[in-house]
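Novice: Respectively, the protein sequence lines represent chains A and B.
The numbering used here numbers the first residue of the first sequence as 390 and each following residue consecutively.
The numbering used here numbers the first residue of the second sequence as 390 and each following residue consecutively.
Hints were generated in silico from the structure; no laboratory data involved.
Predicted, not measured: the structure shown is a model, and the values here were computed from it.
It is possible that part of the hints are untrue.
[What the hints assert, rightly or not] Beta-carbon label-pair distances, calculated as ranges:
| no. | chain 1 | residue 1 | chain 2 | residue 2 | range |
| --- | --- | --- | --- | --- | --- |
| 1 | A | Ile661 | B | Ser545 | 29 to 37 Å |
| 2 | A | Leu435 | B | His552 | 51 to 59 Å |
| 3 | A | Pro526 | B | Glu780 | 53 to 61 Å |
| 4 | B | Ala699 | A | Glu711 | 42 to 50 Å |
| 5 | B | Asp400 | A | Asp691 | 39 to 47 Å |
| 6 | A | Asp691 | B | Glu659 | 25 to 33 Å |
| 7 | A | Gly592 | B | Gly695 | 52 to 60 Å |
| 8 | A | Glu659 | B | Leu435 | 35 to 43 Å |
| 9 | A | Glu659 | B | Ile757 | 55 to 63 Å |
| 10 | A | Ile661 | B | Ser465 | 49 to 57 Å |
| 11 | A | Ala687 | B | Ile638 | 24 to 32 Å |
| 12 | A | Ile661 | B | Glu506 | 51 to 59 Å |
Quick reminder that beta carbons are idealized off the backbone N, C-alpha and C, glycines included.
Number of protein chains: 2
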Amino acid sequence: MTLTNVRVDGDRLWRSLMEMAQIGALPNGGCGRLALSDEDKQARDLFVRWCREAGCEVTVDDMGNIFARRPGRDNSLPPIATGSHLDTQPHGGKFDGVYGVLAGLEVIRALNDAGAETRAPIEVINWTNEEGSRFAPAMVASGVFAGQFEHEFAWSREDAAGHSLGEELGRIGYRGGQRCGEHPLGALFEAHIEQGPILEGAGVPIGVVSGAQGQRWYDVTVRGQDCHAGTTPMPRRKDAYTASARMAIALRDIARVHAPQAVATIGQVEVIPNSRNTIPGEVRFSVDIRHPQPAPLAAMDDALRGGFAAIAAEEGTEVEIEGIWHKSPIRFDEGCVDAVARAAEALGYANQAIVSGAGHDACQVCAIAPAGMIFVPCADGVSHNEAESAEPDDLEKGCNVLLHAMTGLANG
Amino acid sequence: MTLTNVRVDGDRLWRSLMEMAQIGALPNGGCGRLALSDEDKQARDLFVRWCREAGCEVTVDDMGNIFARRPGRDNSLPPIATGSHLDTQPHGGKFDGVYGVLAGLEVIRALNDAGAETRAPIEVINWTNEEGSRFAPAMVASGVFAGQFEHEFAWSREDAAGHSLGEELGRIGYRGGQRCGEHPLGALFEAHIEQGPILEGAGVPIGVVSGAQGQRWYDVTVRGQDCHAGTTPMPRRKDAYTASARMAIALRDIARVHAPQAVATIGQVEVIPNSRNTIPGEVRFSVDIRHPQPAPLAAMDDALRGGFAAIAAEEGTEVEIEGIWHKSPIRFDEGCVDAVARAAEALGYANQAIVSGAGHDACQVCAIAPAGMIFVPCADGVSHNEAESAEPDDLEKGCNVLLHAMTGLANG
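Make the full structure from the sequences, and use the hints.
Specialist: This is the structure:
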């Protein structure tokens with residue numbers, strides 16, 4: 390049979406999202422479902438129940454990743470999968486991650502309604518601890534799946550109360566038997582809200598995600614000299630804060646040189662001794678730079694190292710720039726990106742290429758399997774916030790694209 | 390008799406400073422003697438014992454200010470006084486305040502050694518809680534003395550543990566019977582380390598302090614919008630930190646317009662939410678501006694208000710500028726300033742006019758009595774720090790100037 394006319398049920402998808410949002414609901418419309426908490430267990434239980442009601446076989450691996458499988462005609466083929474995460478930030482929204490999981494469930498429900506078969510099996514996945522809010526780092530279970538982290542490393546991650554990820558997996562009954570990473574995947578798609586303002590600003594419902602930005606993170610320390618704010622003439626100062634302020638301006642200028650795709654952010658700042666009438670002797674701050682291409686990212690790295698050193702010298706201060714983490718730019722699999730673009734075109738939805746500014750489970754899994762993503766707009770680009778909001782119509786369109794991208798590959 | 394040839398004993402002064410520094414001594418050479426602590430009580434007890442041994446009558450007022458009196462020939466005249474404070478910062482030095490108290494004691498000892506009489510009585514004063522580290526605000530007891538604060542306000546000041554200043558005065562036995570402010574003063578001198586680098590830089594041992602800078606303190610809040618550091622394009626940002634960084638640069642430019650006497654400092658900065666991958670939605674920072682003359686200080690106030698507002702608008706942010714405290718520039722009494730200058734000249738010491746960048750007890754008392762100050766150099770301008778250091782020879786010279794300035798007025 391042809392699947393051309395199969396569509397998801399946008400109302401059912403919305404109702405499922407709203408029902409899931411009651412688990413860990415917060416007063417301002419958001420959700421608090423930290424990974425492996427009692428709320429996360431409830432959310433997982435509900436998801437598993439829904440998947441079984443939809444006829445899926447559910448397996449859980451030893452990182453707590455959940456795989457719900459709708460068989461295909463040839464079950465020797467690796468499944469065409471989709472997934473995201475049900476855990477949230479402490480004051481998260483109703484859509485970040487959850488949409489990608491429940492859109493996958495809706496694809497299965499819609500295929501069931503249509504009585505449609507696929508050649509390869511279809512799977513929907515819930516990845517454990519994507520957010521990293523309770524157990525750092527983020528995307529740890531998809532990272533183990535993709536061979537980026539060792540199992541023992543992931544299990545040993547502790548929350549602020551000293552409970553380990555492995556312990557908590559056992560406590561909520563989600564430490565499964567399958568070894569994480571041994572689950573075959575033919576391809577992985579992930580539908581997600583954009584978490585940025587680009588699609589909304591363009592009035593376009595579908596973002597065809599070509600890849601993810603490369604990132605570099607730094608810890609910068611500027612050392613000057615604590616001095617009395619009243620008695621130290623301006624030319625005698627070694628003011629670590631004024632030097633840091635100049636670096637902040639220089640950093641933005643560097644991002645502007647590589648416009649429009651470069652971004653650069655100072656998010657954390659600590660001023661020492663932080664006393665009203667003392668010239669700061671030390672300032673520590675974070676730097677986050679991102680670009681979708683390796684060469685401009687490297688040029689930004691060079692420019693900030695040189696620029697900060699020059700400012701520090703002019704200000705009579707010293708600067709130490711420590712690169713603490715980096716991630717190379719990702720380009721998603723061409724076949725998956727094409728499948729998303731073709732699905733959007735076939736459905737007649739306006740769409741545009743977009744680069745993910747954030748990290749996602751698909752950005753881990755793409756190291757070992759073909760992967761792609763679908764973005765839908767969210768209000769004002771706001772995410773990681775109770776105010777996170779998305780339009781039912783956009784969510785439905787994204788889910789239809791997901792269905793047709795998946796079935797396109799599953800029947801290809 | 391003429392006092393022309395009377396000199397202080399610099400070694401004795403130094404030994405007294407070093408003995409006092411053992412009370413609350415810290416590992417790196419400094420002192421921790423918070424106001425009205427057990428250490429402050431020990432320091433007061435030692436000071437009172439030394440004063441009585443020097444033949445002084447000691448009285449204590451109801452703010453704990455200690456007055457040690459060496460009678461003159463005409464005890465109906467108000468005393469010519471000197472004083473400073475024995476309390477220190479939590480990690481303070483051996484000289485800030487202490488020098489001014491013990492230099493006064495050395496003046497009395499030197500007059501005793503010389504068998505010298507003065508017409509008016511001579512007094513040395515220890516003011517309570519100059520630092521303001523334990524009980525804010527600073528200079529509170531000299532402020533009550535000068536009618537700047539109410540008694541009840543001062544007594545009700547609480548430390549971090551909830552103990553009040555009044556309670557602690559009673560606990561250490563220094564809540565005296567005399568009502569603070571009812572003690573007559575003919576004039577007040579205060580000898581102090583400069584706490585800045587000017588005298589040391591000029592190689593001049595004596596600063597003839599003409600007055601104190603005016604100060605304005607502000608709390609500034611810049612409001613933008615929290616956004617994801619990876620997904621928000623640069624032109625869409627309302628980055629409260631970048632806006633604040635531009636204000637820091639603008640503030641320094643404003644001080645440079647009013648060089649060389651203007652100073653401007655941002656000492657405290659709080660970035661919200663202070664997360665590595667979130668663009669700061671709010672930044673709060675302090676501003677401290679100072680100038681010895683009212684007109685440039687007012688011009689700086691205007692310039693920062695206008696400049697910050699313009700930057701905030703350009704950055705798509707909002708700024709709120711709250712003036713939380715100000716102090717007009719002070720000019721010390723001409724007679725006292727002249728007495729200091731004449732004493733330095735008569736002693737053959739290099740000297741120069743200087744404006745105090747910091748507040749001192751004399752800056753309060755000058756509201757109700759003629760007052761003046763003598764500065765001596767300190768190493769690298771460092772103060773409020775265990776590393777605070779001063780040369781015995783400079784301290785001796787400052788003390789000789791104090792003796793001759795005081796006796797000049799006491800016999801005038």
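Novice: Tell me, which hint numbers fail for this structure?
Specialist: 4, 5, 7, 9
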